[in-house]
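Chemist: Sequence:
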Amino acid sequence: MKQISQSDLDAITQTFESTNLCDKAFDLKSLFLGLDPESDLRPLRKWANKRGVDIKDFDSAAHYWRVVATLGDYPQNCGHLMDLFAKTYSLTVDYSGVMLATGLGEEEPNASSVETELRSLVHRLALPPKRFTKGDISDAFTRWCSSKRNARLAGLTALITQPLAGKADWQALALAISDPTHSPEYVIAALQTTMWCVKRKLINDPAYQPENHLMVVLTGTQGGGKTQIAKRFFSPIAELVYEGDFHQITDKSNLDIWNYPVVFCDEMEKAEKADIEAVKNAITSERRRARLLHTNITSFTRNKTTLFGGANGTLGEKILDTTGMRRFAAVRVKSKPSPENIAAGIPVVDWGTVNAVDYLALWHSVDHRQPSPLLSCDIARAEWLAINESERAQDSVEIWLRQFSGNRFDKGKTRFTGGELYPLYAEFCRENGYKACASNNLGKRMKGFAEGRAPWLPFHQPTTAKGLTRWELKDLPEADSFQLPLTLRELIS
1 MKQISQSDLD
11 AITQTFESTN
21 LCDKAFDLKS
31 LFLGLDPESD
41 LRPLRKWANK
51 RGVDIKDFDS
61 AAHYWRVVAT
71 LGDYPQNCGH
81 LMDLFAKTYS
91 LTVDYSGVML
101 ATGLGEEEPN
111 ASSVETELRS
121 LVHRLALPPK
131 RFTKGDISDA
141 FTRWCSSKRN
151 ARLAGLTALI
161 TQPLAGKADW
171 QALALAISDP
181 THSPEYVIAA
191 LQTTMWCVKR
201 KLINDPAYQP
211 ENHLMVVLTG
221 TQGGGKTQIA
231 KRFFSPIAEL
241 VYEGDFHQIT
251 DKSNLDIWNY
261 PVVFCDEMEK
271 AEKADIEAVK
281 NAITSERRRA
291 RLLHTNITSF
301 TRNKTTLFGG
311 ANGTLGEKIL
321 DTTGMRRFAA
331 VRVKSKPSPE
341 NIAAGIPVVD
351 WGTVNAVDYL
361 ALWHSVDHRQ
371 PSPLLSCDIA
381 RAEWLAINES
391 ERAQDSVEIW
401 LRQFSGNRFD
411 KGKTRFTGGE
421 LYPLYAEFCR
431 ENGYKACASN
441 NLGKRMKGFA
451 EGRAPWLPFH
461 QPTTAKGLTR
471 WELKDLPEAD
481 SFQLPLTLRE
491 LIS
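Per the numbering used here, numbering through the sequence shown is continuous, rising by one, with the last residue being 493.
Be a bit skeptical, because a hint or two may be false.
When the alpha-carbon atoms are kept at most 20 Å apart in a straight line, the in silico PhoX-like pairs for lysine-lysine are as follows [unchecked claim]:
(1) Lys280 x Lys201
(2) Lys336 x Lys304
(3) Lys280 x Lys252
(4) Lys231 x Lys336
(5) Lys2 x Lys24
Estimated spans, in silico, between C-beta atoms of each pair [what the hints assert, rightly or not]:
(6) Gly345 x Thr314: 17 to 25 Å
(7) Asn254 x Thr181: 21 to 29 Å
(8) Arg402 x Pro371: 31 to 39 Å
(9) Glu451 x Gly419: 51 to 59 Å
(10) Ala356 x Thr314: 51 to 59 Å
(11) Ile55 x Gly79: 13 to 21 Å
(12) Asn204 x Asp40: 55 to 63 Å
(13) Asn254 x Ile55: 51 to 59 Å
(14) Thr314 x Arg402: 15 to 23 Å
Don't read these hints as lab results, they were simulated from the structure. Positions of the beta carbon are idealized from the N, C-alpha and C atoms, including for glycine.
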């Protein structure tokens, strides 16, 4: 409390010396005009009481004046209180939860400290405890934060979905960042598909639902600037980006992450230990579910997220998936523009161009109502499929099957059951240091390759009769450069 100066007290008493303070028409709050809301009113209270003012009436008027002088109005409920508090202390919150409150004097306020200050203010202003309970205040604060986050989300969605007004220099960006082994068409289509997915999930229009989900991954040497390129790429919606990793993606107790339009995985090294099928499911699923901590309650949320990543090395080194890489698109980034790299003639990132690109214009240029940019460009699609095939890991089954491409089995045997093929496969694994899969998995993998029409598969589509599956060799010419391993020829004969 601040002491009222004697001069201020004298000015008030002289101003109202001849005023009937007990007159019902007189507003006691007039006594406090011009005073600091933190003022100690006891001297004035004593003077007014001597003039016949009831202590309860004085305290009631002083309370109302102090609250209004502090907040600008008297709050009618906790929601109204929260609005007045935010306005008084210039409180703002963005979608990522970052808060600013210039009136609170905190350099980096957070939700906990702001809510504590709000409850402290309620106590200092002596607001009615039955109307402003701790729980109701907390609920009002949570609702206010949620409403502001939703407003930010709507505002940024409107920002990036405006029609293109400037120049979208995609070609310059592609040439500035991507390794020369990529075509500009592929790089542009891959990056545009990320924006396309983000927009479709944000707008959530039934006529343009998310499909052909894709996770673009920037690959290349360490220190090449992949993270900085990603941050510039998403700069128009920076607060909508969550920086996570594959462990968080596959964590079934984490629901909040799926409320972010973009999750940037800058630690792709953790992908090696992650359940890749779970990651692919996270990329494509419409809804995510999780069990709330310390409860048996399962909660659901719409999957609003598009994944984007960065990885040192190649994508195939991080994503060990033998079934295919069609949910991923690798874009190899040039190296760091160091004197050594430049002297060696190594392609380096053109940061001048990267920094000069109008990224909001790039976002404006992608129309979510059109088909997927990557699938609608023949050049880009063909390159993407070729990259995925080169990055895809081969398991022991595929490696074994490829040994038979272009060859015939001894003694003209052309039809085999799974039971006849498994010993050949197992022997191949023992001879070459591979771990053999179970016999039932061998059949599943072979059927998967057959269903995918793998051109190198040496067998026709399998036939099944009486519960027995048979595989017939294709009539392929002998390969001049390949001889079937002796051990396998002996097993066949």
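Chemist: Please go over all the hints and tell whether each is borne out by the structure.
Modeler: Hint check:
1. Between Lys280 and Lys201, the direct Cα distance comes to roughly 17 Å. Compliance with the 20 Å bound is thereby established for this hinted pair.
2. As the CA atoms of Lys336 and Lys304 are separated by approximately 33 Å, the hinted pair breaks the 20 Å bound.
3. Distance restraint check for Lys280 and Lys252: the Cα-Cα separation of roughly 14 Å lies within the 20 Å cut-off, and the hinted pair is therefore satisfied.
4. Distance check on the hinted pair: Lys231 and Lys336 sit about 16 Å apart at the alpha-carbon level, within 20 Å; holds.
5. A distance of roughly 29 Å separates the Cα atoms of Lys2 and Lys24; the hinted pair therefore is violated under the 20 Å criterion.
6. Separation of Gly345 from Thr314 is about 21 Å and conforms to the stated range, judged on CB atoms against 17 to 25 Å.
7. Asn254 and Thr181 have their C-beta atoms about 36 Å apart, which leaves the hinted 21 to 29 Å range violated.
8. Taking 31 to 39 Å as the suggested C-beta distance range, the pair Arg402 and Pro371 conforms, at roughly 34 Å.
9. At about 21 Å, the beta-carbon gap between Glu451 and Gly419 misses the expected band of 51 to 59 Å.
10. For Ala356 and Thr314, the Cβ-Cβ distance of about 29 Å falls outside the hinted range of 51 to 59 Å, so the restraint is violated.
11. Distance hint check for Ile55 and Gly79: the Cβ-Cβ separation is about 33 Å, which falls outside the suggested range of 13 to 21 Å.
12. A hinted range of 55 to 63 Å holds for the C-beta pair Asn204 and Asp40, which are about 56 Å apart.
13. Between Asn254 and Ile55 the beta carbon distance is about 56 Å. The supplied range of 51 to 59 Å therefore holds.
14. For Thr314 and Arg402, the hinted distance range of 15 to 23 Å is satisfied, since their beta carbons lie about 21 Å from each other.
In summary, the structure is inconsistent with hints 2, 5, 7, 9, 10, 11 from the numbered list given earlier, while agreeing with the others.
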